[in-house]
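Kindly generate the complete structure, drawing on both the sequences and the hints.
Position one of the sequence shown corresponds to residue 1243 (this note's numbering), numbered consecutively onward.
Keep in mind that a hint or two might mislead.
Quick list of in silico lysine-lysine cross-link-like pairs, DSS-like style, CA-CA up to 30 Å [claimed, not checked]: (1) K1290 - K1277; (2) K1277 - K1288; (3) K1270 - K1307; (4) K1270 - K1290; (5) K1307 - K1290; (6) K1288 - K1270; (7) K1307 - K1277; (8) K1288 - K1307.
Honestly, the hints are just simulated from the structure, not real lab data.
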Amino acid sequence: MKKNIYFAIVLLFITISSSYAQDVLTNKSIIALSKAGLPSSIIVNKMKTTACSFDLSTNALIDLKNNNVQMMYLMQ
1243 MKKNIYFAIV
1253 LLFITISSSY
1263 AQDVLTNKSI
1273 IALSKAGLPS
1283 SIIVNKMKTT
1293 ACSFDLSTNA
1303 LIDLKNNNVQ
1313 MMYLMQ
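Below you can see the structure in the form of structure tokens.
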């Protein structure tokens, strides 16, 4: 019985950990959110509450601009 409870707790921990690890915002995801027409307030809130891994190189910033991403998202 104790082994089953231990196994269930470990399985739950792994499931929760993997679901959080999968949600990392990138330039590509910001472009997708912007193209979907989400309001800037939602995008900014998502950026504040989610792990982010942005590429802010010159070419990446140009790509964001070319995809009509408002740079104010990145400034907040």
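Quick rundown of the hints versus the structure:
1. Between K1290 and K1277 the CA atoms are separated by roughly 19 Å; this keeps the pair inside 30 Å, and the hint holds.
2. For the proposed pair K1277 and K1288, the alpha carbon gap of about 15 Å is at most 30 Å, so the pair holds.
3. Only pairs whose Cα atoms come within 30 Å are accepted, and K1270 paired with K1307 is accepted, the gap being roughly 12 Å.
4. For the given pair, K1270 sits about 17 Å from K1290 by alpha-carbon distance, which is consistent with the 30 Å threshold.
5. Between K1307 and K1290 the alpha-carbon distance is near 21 Å, which keeps this suggested pair within the 30 Å criterion.
6. For the proposed pair K1288 and K1270, the alpha carbon gap of about 14 Å is at most 30 Å, so the pair holds.
7. Note on K1307 and K1277: the hinted pairing holds, with a Cα-Cα distance of about 12 Å set against a maximum of 30 Å.
8. A C-alpha spacing of about 20 Å is found between K1288 and K1307, which places the hinted pair at or below 30 Å, so the restraint holds.
Figure legend: structure checked against the earlier numbered hints; every hint is met.
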